[in-house]
Amino acid sequence: MRRTPNWGSFFTRMETYGLARTLRDAIDSGRFIVTGELGPALGASPDLVRKKAEHFRDVDAVNVTDNQTGIVRQSSIAAAKLLLDEGLDPVVQMTCRDRNRIALQSDILGASALGVRNLLLLTGDHMVMGNQPDARPVFDLDSIQLISVARGMRDGHLMNGDELKRPPDVLLGGAANPFAEPMGLRLVRIAKKVTAGADFIQTQAVFDVARFRRWMDGVRDLGLHTKVKILAGVLPTRSAKALEYMKNEVAGMMIPDDTIRRLEGADDPAEEGVRLACELIRELRDIDGVSGVHLMPVMWERITPRIVEEAGL
Amino acid sequence: MSEREISRFSSRLDGFLSARPSLTRCVSGFGLLLENLIKIPLFRCQRCGDCILSHTAFICSQRCPKRLRNGACGGTRPGGYCEVYPEKRCIWYAIYARSRLLGRVPMLTETLAAHRWDLEHTSTWLNVFRGREEGPTWRVGRIIRRLDLDVAKRARQEREP
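So the sequence lines, in the order shown, correspond to chains A and B.
For the first sequence, position 290 matches number 290 in this note's numbering, and the numbering has no gaps at all.
Converting from the second sequence to this note's numbering requires adding 1000 to each position, the first position being numbered 1.
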């Protein structure tokens, strides 16, 4: 036991509004990490984010999506500030779809000034997936370049080499899709993200555990699981229709037909959905190298506390 | 030529051309014409001016709708079809397949810097000679050192003592 007060973490806490649970604490403590995800509201009211926040009291941090699938929502940084005021630790998602390198760097600084301590840096869905496909695609940087830019900023310099007086104190995250082919190229991508400076990796929603295990074998072969925290994605759902929709419409989602049939055949799809998620979490937890789970209860945020409790997280 | 001589040559050429804007326009126009004549039919070049063909097994990655330079995005559809154009195959699948065929996978493991938009629609070859951007990558060793591929080997050895 450490007898001297840990002033370092005390001051970090002071800066992040004295949050009860933070992602950094979870990573430092080495316990099994749980993160959640919420989508900001369509509209100018702060109430929806505040209401959704109540469902995420039991997780370490909450992802705030950045105009997911190219559909306009409140700004992820603004919604993250609302979460901070509610006492939750937000993970701000940043995509390269809508901002060039100048705007991205400025947003990293701004988010950090507001108290955001975690960023998830993504390339982002293309706007043709959303409802304004006529928008101009930016994609000035890609996720790997953005991670290395953010890491540079954390080390005290901008992309052009200019020094930062006070660098942002943020954890950097990346995403990985273990289910897309070819596996070799996917592993190259995650290795690049780790080399660029990612601290944690959140994966696409896992339904096919066997496939995920094979991907993790590759990750362990590269020794990446010791350098980053890998959070496996879990998507609790209560309807087969929603899964069918996601399978066809959301980029990068691979959902086996067995899962859809299982939900279809269930008497109470909501109960079956909870059971399915808990089974998945238990299986994922046993895989060597998995440091946590990332819950994505799309349109079903209120189930989060129950899943956290029943899965024994 | 040693590396120092090459860099001295580039900086001299750059200085010479920078002082003569109209000559530069002529030379660069001619260079671009020559480059387009070769690269567009052979590689379906998108004229980004910051060429990475030697990293991507000589398939132009800038045909990707997101213009990714570091590998496929996570949105590809089953079977390797593009997120944006469902009828098209992802260009990165082709790049990966050919890289494996030609033994150029180590070149995919190097993180490539962001595209320099100020070089768009300029002649890459002239830019390389002027020292404005890095030349094609012929030496694999340098790249392997950067990513430290030995990590994989070491991890395996640790598990099997």
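Read the hints as simulated data drawn from the structure, not as lab findings.
Since the structure is predicted, the reported quantities are computational estimates derived from the model, not experimental observations.
Keep in mind that the hints are not guaranteed to be accurate.
Restricting the straight-line Cα-Cα distance to at most 30 Å, the calculated cross-link-like pairs of lysine-lysine (DSBU-like) are [claimed, not checked]:
id: 1; chain 1: B; residue 1: Lys1088; chain 2: A; residue 2: Lys241
id: 2; chain 1: A; residue 1: Lys247; chain 2: B; residue 2: Lys1088
id: 3; chain 1: A; residue 1: Lys247; chain 2: A; residue 2: Lys51
| query | If you check each hint against the structure, which ones fail? | reply | none
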